[in-house]
Structures are given as C-alpha cells and as structure tokens.
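Construct the entire structure; sequences and hints are all you get.
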Amino acid sequence: MEIEIKPAKKQQGVFRVQGIPGVLLATVNATPSLSVYGERLIPYKGKEYREFSHKRSKIASSILVGLKIPYLKPNAKVLYLGASTGTTVSHVSDLLTKGVVYAVEFAPRPMRDLLELASLRKNIVPIHDDARYPENYSDIVDGVDFVFCDVAQPNQSELFIKNIQTFLKKGGGAMIAIKSRSISQSKTPEQVFDEQQKYLNKNGLEIERSVSISKYHKEHQVFLGKWFGKK
Amino acid sequence: MAIIASNAFGIFLLSETGDLLGQFSYGDLNKQSFLDAIKDQEKIIVDNTHVASSIRENVKVQVDLNNPVLKEWRLDRYSNLLEKTGVTIDHLQYIEKVKAFAVQRSRETVRKHAEGRDTLIAQAIHAIDEIQKSFVLLSGRLKEIYSLHFPELTNRVRNPATLAKLILMKPERTEITLDLLTSLGIDEEHAKYIISYKNESLGGSFKKEDLIIIQSLADSVHNLYKRKQELEDWVTNTMNEVAPNLAAVAGTNVGARLIAHVGNLRDLAFLSSGKVQTLGAEKALYKALRFNGKTPKHGIIFQIPEVGTMPFWLRGKMARAFASKIVIAARLDLYGGSFLGDQLREQLKEKSKKLREQFPNPPKPKETKGTSKSRKKFRKNRKRRKK
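In the order they appear, the protein sequences are chains G and U. Everything in the first sequence is counted per my numbering, starting at 1 for the first residue and increasing by one. Everything in the second sequence is counted per my numbering, starting at 1 for the first residue and increasing by one.
The set of hints was computed from the structure by calculation and includes no laboratory data. Where is the CB? At the ideal position from N, CA and C, for every residue including glycine. One should not assume that every hint holds.
Quick list of the computed label-pair ranges, beta carbon to beta carbon [said to hold, decoys possible]: (1) 41/U with 38/G: 50 to 56 Å; (2) 158/G with 108/U: 25 to 31 Å; (3) 109/U with 190/G: 35 to 41 Å; (4) 26/U with 4/G: 51 to 57 Å.
In structure tokens, the structure reads:
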C-alpha cells in the first residue's frame with residue numbers, strides 16, 4: 001500500500017498517515033533527520049514527517065479519539081506541566097512554528113534528556129522545578145494561551161488550577177489528562193472523573209469537552225476547558 | 001508599598017501605580033544599593049520565591065507573594081518590559097534570552113541533585129540486586145557444565161562462589177588436591193570423598209581447550225561475586241557517612257534499600273512513618289485498599305532481624321515502632337542533626353522486650369462464618385482486575 005499523508009480534519013498542524021501499519025498521526029519535523037525517542041521518520045513530497053505515537057502521547061491519543069484543540073495554534077505560547085523526557089513536548093514544539101513551549105519537569109533523570117532536546121530545538125524552554133509551586137518559576141514563564149497538565153499526582157487538579165491562575169490569559173484554554181488510579185485506589189474511575197470535573201468547574205475552568213482515552217492509556221480521561229478569569 | 005517584578009532581564013522595582021523606580025540584576029540581590037531601595041517600604045509585593053527568600057533573609061519587610069496586581073505584569077511581560085524600560089529588543093531575541101536564563105538555572109539544579117551521594121547509594125543497591133540475579137543464573141549454568149566433567153565435586157561443594165574459585169584455579173580434576181579443597185573451606189569429610197573419586201569419576205574426561213572455556217566462565221562468575229562484595233562494602237561505608245542515624249537504626253543494608261526504593265534521602269525523610277512501614281509491599285497494600293482487605297504489616301522493614309524474627313502476632317507492632325524511628329533518623333540525617341542512632345536503637349530494643357513480655361501467647365483466632373465480605377467483593381471484582 002502506498003503511503004499517503006493528509007492534514008488531519010480537526011487539528012491544525014497534525015497529519016493523518018495512511019499506509020504504514022501502526023502509524024496513524026504525524027507532525028512535520030522541525031529538526032530534519034533527527035528522531036527524538038526512536039519514532040519513525042517519514043519523508044513525503046519533499047517534507048519530513050515524524051510519527052506522533054498515540055500509544056505514548058496523551059495529546060495524540062485524544063486527537064485520535066476526536067478531540068479538537070483549537071488553542072494549539074502555530075503562534076501560541078504553551079505551558080506543559082509534567083514534560084518528562086520530552087516525547088510529547090517535541091511534537092508540541094513541531095506544531096508551534098512561531099510559538100514557545102515552557103516545559104516543566106521536577107524529576108532530575110528525565111530532565112537531563114529534556115535539556116538535551118531543548119538544546120536542539122529553539123522553542124522549548126526547559127524548567128526544572130516543582131509544578132506545585134508556580135511562584136518558583138514565575139520569573140521565566142510569561143502569560144500563556146494554553147496549559148497542558150500530565151502529572152500523575154493525587155493533587156494534580158489543584159496544581160493545575162494554581163498554574164492556570166498564575167499564567168493563563170483570559171480566554172485561553174487548558175487541558176488535563178487524569179489517571180484515576182493515581183488519585184484513588186478505592187473509588188471507581190467514573191467517581192474520580194466526576195469529582196475532578198466538579199472541582200475544575202468550581203474553580204472557574206469551564207469544561208468544554210471530556211473524552212476517555214482508555215483505549216490507549218489505561219483508565220485515563222482528558223478534560224479540555226476554557227478560562228474566563230476567576231469567578 | 002512597592003512591587004518587585006523579576007524576569008530574565010533582571011529585577012524591576014515598581015511603584016504602586018506601576019512607574020519604574022529602579023532596575024537591578026540578580027547579582028545585586030544582596031548588595032546595599034538594592035537593600036536601601038526597599039528598606040523604607042512597609043510592604044513589598046514579590047512575584048518570585050527566589051527573590052522573596054533573599055529579601056526575607058536580609059530585610060525585615062512584609063513580603064506578599066500572591067498578589068493579583070502581579071498577574072498583569074506576568075501576562076504581558078514582554079510588552080511591559082518594552083514600555084517601562086525602553087529596551088529595544090524583538091520577540092525572538094527576548095525568547096532566546098529567557099531560554100538561556102531558564103536553561104542555566106535548570107542545569108544548576110540538575111547538577112546539584114547529581115552530586116548527592118544518597119542517589120549514588122540507590123544506584124549501587126540496584127546494581128547489587130542485578131549482579132546477584134546474574135550471579136545465580138551463571139553459577140547454576142557453571143555447575144551444570146562442570147558436572148559433566150566431575151559430578152562428585154559439584155554435588156558436594158554447595159557454595160557457588162567456592163565452586164567458581166576452585167574451577168578457576170584447577171579445572172582438570174586429576175590436579176585437584178586435598179590441601180586445595182581444605183584451604184577453600186570445604187569440610188574434610190567432603191574433601192576426602194571428592195579426592196577418592198578423582199581418578200575414577202563418573203564424568204567424562206575433557207580436552208584442554210574445552211576446560212579453558214569452562215575456566216573463563218568460572219572467571220566471570222568469580223568476578224561477579226567479587227564485584228558484589230565490593231559494592232556491599234562501599235554501601236556500608238557510604239551509608240555510615242551519609243546517613244549514620246538511619247544506618248544505626250535500620251542497619252546499612254535495609255537503610256540503603258529504603259533510600260533506593262524512594263530514590264533519595266530527602267524523599268524518604270518526607271514520608272510518613274505509615275508509608276515507610278509498607279514500602280516494598282505496594283502491591284499488597286493497594287490490593288487491600290481496593291478490595292477492603294487486610295493491609296500489609298511490613299515491606300522492606302521485614303528484613304531487619306528484630307522485625308523478621310518476632311513472633312507473627314507482634315511483627316506488625318514492631319514494624320510500626322521501627323518505621324517511626326526510621327523516619328526520625330532519616331530526618332536527623334537530612335538536616336545534619338547530631339548522632340542519636342544508638343539512643344533510638346536502644347528504645348527499640350526496650351520496646352521489643354516489653355512487647356514479648358506483654359503478649360507471650362498468640363491471640364485466639366477469630367471465628368469466621370462463611371465467606372467474609374471483603375472476600376466476596378474481591379471475587380466479584382476479579383473480572384475488572386484482570387483487564
């Protein structure tokens with residue numbers, strides 16, 4: 001079967017791949033001929049595309065499930081909490097051709113990989129700090145248009161809201177991936193997601209869509225919301 | 001009241017209405033010129049903990065960290081910077097400068113973390129475990145191979161390390177002597193038995209080049225054993241230096257294992273004692289929490305001889321006592337406190353004595369009627385668990 005790459009219907013900057021088994025999404029490689037985490041590079045019609053693995057990235061799997069993230073524009077500023085080694089961050093940096101991504105990570109081991117990635121890509125600003133205390137890195141991060149949070153922590157909604165209150169512009173979007181098992185072992189996933197959604201709504205984040213990505217990531221739910229300032 | 005806003009370009013002192021009063025660099029934080037500028041203010045709004053902590057150290061002023069006034073400055077820092085300071089710089093250059101600032105700070109903190117010797121201990125413990133695994137695997141293979149040549153010996157020499165050393169020294173069975181066997185710590189009875197079969201063994205006689213290959217395998221097995229011992233010695237020494245209190249209470253091995261399980265000493269010291277008690281038994285703990293079962297009494301702590309050798313009805317009590325003292329010891333070590341390890345250990349010994357006197361007999365087993373509630377729930381959820 002011949003390889004064919006078309007722009008994805010819903011997400012700007014993301015491409016749909018046909019003809020390669022296991023590869024569904026891709027982004028245009030900002031650093032040609034360099035692979036970040038061992039993903040496939042696909043040359044097609046004069047451009048090089050990088051496989052956007054939906055099994056490893058929660059953004060990719062939620063796009064695949066049908067979520068549209070209008071805030072990820074080429075000139076957006078993005079705050080990424082829980083960047084880890086930079087698997088998804090590298091793709092976000094591909095999408096933001098004129099924007100910046102602030103990648104926050106607290107663990108030192110993945111931070112070393114992230115620093116190496118940041119040295120190759122101009123638009124990644126690495127921050128080695130605890131996401132629970134946004135005032136620690138408030139002299140680095142400017143106002144942002146989009147906040148993404150992927151830290152598997154019991155109090156992740158709390159720190160997510162705290163970061164939104166400190167950095168997110170009015171009318172900006174925020175997205176959080178919640179793993180129910182890291183919040184409570186005894187409650188069912190449905191109970192956990194319900195509680196988290198209520199908490200987010202109460203604190204002024206209007207949830208626009210919530211999709212389940214449990215097809216690709218076990219017991220995970222993604223919430224996408226819009227921020228209108230403090231209630 | 002004044003506002004201090006900071007970013008990659010430095011620290012800006014603003015008045016209440018937003019006018020620029022002064023501009024400083026991060027190096028100026030402890031200098032007199034900066035301190036004079038803020039000395040007379042009764043309240044200062046600061047947007048960053050790095051700046052706030054250094055101000056708190058030097059001047060007695062009220063510091064406000066969470067003021068909504070600052071959000072505006074934060075949200076539009078770039079245009080604010082242009083407006084207030086008149087710096088001519090385009091957006092790309094601005095981002096470059098911010099990035100350089102962020103990278104420098106991250107590199108410093110990462111490097112600082114890598115210098116901690118407790119993380120090195122954690123790595124060493126993992127290395128020991130992996131060496132132990134491969135040692136068991138390879139020594140089993142070595143025994144199997146050599147039993148083709150001299151089965152009487154491999155049946156009698158049970159210690160794999162001794163066997164490897166013996167094969168390394170004399171692979172050919174006819175060259176083995178009684179003195180050699182006894183010098184390696186093998187019983188005389190066994191040694192005499194082995195020697196008696198040396199010339200009429202059940203095993204086949206091997207060519208020289210075959211024996212050389214077996215010898216090289218024995219060499220690597222022996223080396224693995226030596227490396228493991230070296231690492232263990234190093235862990236003992238380093239634990240006594242880095243965490244003397246913890247080493248005194250829990251022992252060097254268990255102490256190091258606890259550190260390895262959480263990652264570093266700081267994280268261990270910040271845990272609650274209840275968590276420390278079940279470290280290493282996470283699977284059982286979360287299973288119990290999910291299905292309303294019995295929570296585990298001990299994890300890694302079980303390896304402490306005082307806990308493990310306690311009768312079963314006292315182990316939970318002892319593990320609880322140990323966990324609390326371990327946390328105290330870890331906190332002492334983290335903040336460089338004085339050496340109280342022996343005292344803590346003494347208290348635990350007394351506790352153990354008391355417990356044994358108080359509860360000499362096991363408790364009566366509870367009568368159970370039919371299947372318990374938790375068991376039923378456990379069975380009901382089996383399908384969900386398998387997913």
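A quick look at each hint next to the structure:
no.: 1; hint: 41/U with 38/G: 50 to 56 Å; result: holds, 55 Å
no.: 2; hint: 158/G with 108/U: 25 to 31 Å; result: holds, 28 Å
no.: 3; hint: 109/U with 190/G: 35 to 41 Å; result: holds, 39 Å
no.: 4; hint: 26/U with 4/G: 51 to 57 Å; result: holds, 53 Å
Of the hints listed earlier, there is not a single one the structure fails to meet.
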